[in-house]
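Protein chains in written order, with the working numbering: chain A, 1 to 116; chain B, 1001 to 1114.
No lab work stands behind these hints, which were simulated from the structure alone.
These figures come from a predicted structure and were not determined experimentally.
Some hints here could point you the wrong way.
What the hints assert, rightly or not - As a list, the in silico BS3-like pairs of lysine-lysine whose alpha-carbon atoms are at most 27 Å apart:
no., chain 1, residue 1, chain 2, residue 2
1, B, 1044, B, 1017
2, B, 1038, B, 1017
3, A, 55, A, 73
4, B, 1044, A, 73
5, A, 78, A, 55
6, B, 1017, A, 70
7, B, 1017, A, 78
8, A, 55, A, 70
To be verified - Here are a few chain B residues that sit away from chain A, every Cβ distance over 12 Å (derived from the structure):
no., residue
9, 1020
10, 1032
11, 1075
By construction, the Cβ of each residue, glycine as well, lies at the ideal position given by its N, Cα and C atoms.
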Amino acid sequence: AQTVTQSQPEMSVQEAETVTLSCTYDTSESDYYLFWYKQPPSRQMILVIRQEAYKQQNATENRFSVNFQKAAKSFSLKISDSQLGDAAMYFCAYRREETSGSRLTFGEGTQLTVNP
Amino acid sequence: DAMVIQNPRYQVTQFGKPVTLSCSQTLNHNVMYWYQQKSSQAPKLLFHYYDKDFNNEADTPDNFQSRRPNTSFCFLDIRSPGLGDAAMYLCATSRVGRAYNEQFFGPGTRLTVL
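Construct the complete structure from the given sequences, taking the supplied hints into account.
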């Protein structure tokens, strides 16, 4: 079974600064997807960024980028130019494709605080 | 806008009193998921439907049931809620297939058990 570990329960960053959230995972599969989801307080979970395991190039979405180290099974999220609206719980997730849909395994989450 | 809708957003029930949570979607996705998320924890998959095929997780208690009468709607039934069932319940949808790799989440229903 796959496991996902986020070792930082809480992180804080100053507005306009850069912060990196860590995630490691364990799998025996070679083809999979990894995601970072954002869950603001009392709001729905939304996808921040995704990475396909067979792609060596790190994914980037505007201020959000990942450092994907497949051999090390590491998948960190970097948020540049942090904004107050980035404050949320961030979940790293591993996706396994199945014939009946996809199965997401989430890490425990990192609560990000952005200080003005 | 296409979306995943959950009703109600907040639900209070009494210990042992059956409760039903509702999810609807306008995305026309063929897979619908139910997750349980307890405070400050990761979402945990309870079960999912692929069209009308029900897929239960091995560790989901029998107290939890689900129905999907059509593509758009899916219900979570808790037959006899206990205090430990107080949580946020998230509904999500997706398509099947490698190219459709994102799950879309609803806002959740927060269940309180008195």
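Checked hints:
{"no.": "1", "hint": "B:1044 / B:1017", "in the structure": "holds (23 Å)"}
{"no.": "2", "hint": "B:1038 / B:1017", "in the structure": "holds (20 Å)"}
{"no.": "3", "hint": "A:55 / A:73", "in the structure": "holds (14 Å)"}
{"no.": "4", "hint": "B:1044 / A:73", "in the structure": "holds (22 Å)"}
{"no.": "5", "hint": "A:78 / A:55", "in the structure": "holds (18 Å)"}
{"no.": "6", "hint": "B:1017 / A:70", "in the structure": "violated (48 Å)"}
{"no.": "7", "hint": "B:1017 / A:78", "in the structure": "violated (45 Å)"}
{"no.": "8", "hint": "A:55 / A:70", "in the structure": "holds (10 Å)"}
{"no.": "9", "hint": "1020", "in the structure": "holds (20 Å)"}
{"no.": "10", "hint": "1032", "in the structure": "violated (9 Å)"}
{"no.": "11", "hint": "1075", "in the structure": "holds (18 Å)"}
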